[in-house]
Amino acid sequence: MQRFVLLLVTLLAVMHSFAGAQNEALDWQVYYSEKYNIFYHRSDSLNAINTINIIDAEYASISAELGADVTAPIGIFIAPSLYRFRVLTGGMLPHWGEAVADPSRQIIILKSPRWSKSTSDYRTVVIHELVHVLVGAATDGAPVPRWLGEGLSIYFSGEISYFGGSELSHAQLSDQIIPLAQIDEVLDFEKQKAHLAYQESYLAVIYLLEAYGQSALPSLLSALRQTRDINHALRQAFGINMLQFETDWRQFLLERYRWSFLLEFDKYLWLLILVLFFLALFAVMLRRRRTLARWEKEDVPPSPPSEI
Numbered sequence: 001m002q003r004f005v006l007l008l009v010t011l012l013a014v015m016h017s018f019a020g021a022q023n024e025a026l027d028w029q030v031y032y033s034e035k036y037n038i039f040y041h042r043s044d045s046l047n048a049i050n051t052i053n054i055i056d057a058e059y060a061s062i063s064a065e066l067g068a069d070v071t072a073p074i075g076i077f078i079a080p081s082l083y084r085f086r087v088l089t090g091g092m093l094p095h096w097g098e099a100v101a102d103p104s105r106q107i108i109i110l111k112s113p114r115w116s117k118s119t120s121d122y123r124t125v126v127i128h129e130l131v132h133v134l135v136g137a138a139t140d141g142a143p144v145p146r147w148l149g150e151g152l153s154i155y156f157s158g159e160i161s162y163f164g165g166s167e168l169s170h171a172q173l174s175d176q177i178i179p180l181a182q183i184d185e186v187l188d189f190e191k192q193k194a195h196l197a198y199q200e201s202y203l204a205v206i207y208l209l210e211a212y213g214q215s216a217l218p219s220l221l222s223a224l225r226q227t228r229d230i231n232h233a234l235r236q237a238f239g240i241n242m243l244q245f246e247t248d249w250r251q252f253l254l255e256r257y258r259w260s261f262l263l264e265f266d267k268y269l270w271l272l273i274l275v276l277f278f279l280a281l282f283a284v285m286l287r288r289r290r291t292l293a294r295w296e297k298e299d300v301p302p303s304p305p306s307e308i
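1 is the number of the first residue of the sequence shown in the working numbering; add one for each residue after it.
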C-alpha cells in the first residue's frame, strides 16, 4: 500500500510540473472504495460515475472466475487529455493503444471518452484493463505470457471484434500464424498484425476452456502463481507442456477456422458480379468480331448481323 501511495504522489507531482507548459488546470477529484480509487478531472465526473457502475457490475463475477482479488485498492486514472495520457503512460504505448494497466502496481490509465476517438466501447476498455490487474493479483506478480493475459482480458470484456475467425483463416492459408511466444512483442506490431495476435490470444483461452473446462482458468493461474513459469504451470494444471499446448491449439484452429474466410463471401460478391459482367461483355464482343471477319471472307455479302 505504501508503494502504491508513493507512486500516486509521484504521478501527481509529474503532472503538476507540466501544468504551466500546457496551461491546463489540474483539478483532480478522487472516488474512494474498498476495491478501487478513481482519479478524474472535474469535467469527467460523468465518466467517473460510468466507470464506477461498470466495475461494480462486473468485479465480483470476474474475480470469482479467475480466483483473484486485490489486497489494496486499484488506482484508476481517467486522463483528461491526450497530453495527460502520454504523461501518465510515459509515451510507451503504440498509436493504436487505448488504455494501459500495470498489474504489479495495480494501476489503470484510461483515455477520457470526452476526447478519445476510440472505436471501442468504454465498458470493454475498462473491463479489459481490470482483468489485467486481477490476473496479476491471481498470479502474485508471476510472469504472465501476453497471449494468456490478453486472451483473458478479451474473453471477459467481450470484445466482439476478435470473436470471428476470418483473419485467422487467412493467416492459416498463408502460413502466417504468430507463435504464441512471439505475442509478447505485440506492442511492437503494426495494427493489423496486432489484431491477429489478440485474436489468437482470445482463441487460446477459448481452447483452454473447451479442452479443460471452466475451472481451467483459476487452475492455470494458481499453478502459475506457484511455479512462476508457464511451462511448469501447464504441466502442473493439465499434465502438458507449452509445446504440446500450442500443438493442440493449432489443431483446434485448423479444425474450427480453416474455412472461416468463406464467411466474407458477401464482401466480394459484388466484385465477382462486376468481373463476370465484363467477362461476358468481352465474350460477346469477341464473338461478334469473329462473325464479321467470317462474313468478309464469304463471296455473298452478308446481311447485317443480328443483335446478340
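Calculated from the structure, these hints are not laboratory results.
All values derive from a computational prediction rather than experimental measurement.
Take the hints with a grain of salt, since some may be wrong.
Simulated DEER-style distance windows between Cβ atoms [as the list claims (entries may be wrong)]: (1) 120 x 254: 28 to 36 Å; (2) 27 x 213: 36 to 44 Å; (3) 285 x 210: 29 to 37 Å; (4) 185 x 255: 26 to 34 Å; (5) 121 x 231: 30 to 38 Å.
The beta-carbon is built from N, C-alpha and C at its ideal position, and this holds for glycine as well.
The hints, checked one at a time:
| no. | hint | verdict |
| --- | --- | --- |
| 1 | 120 x 254: 28 to 36 Å | holds, 29 Å |
| 2 | 27 x 213: 36 to 44 Å | violated, 49 Å |
| 3 | 285 x 210: 29 to 37 Å | violated, 55 Å |
| 4 | 185 x 255: 26 to 34 Å | holds, 28 Å |
| 5 | 121 x 231: 30 to 38 Å | holds, 35 Å |
Hint check: violations occur at hints 2, 3; the rest are consistent with the structure.
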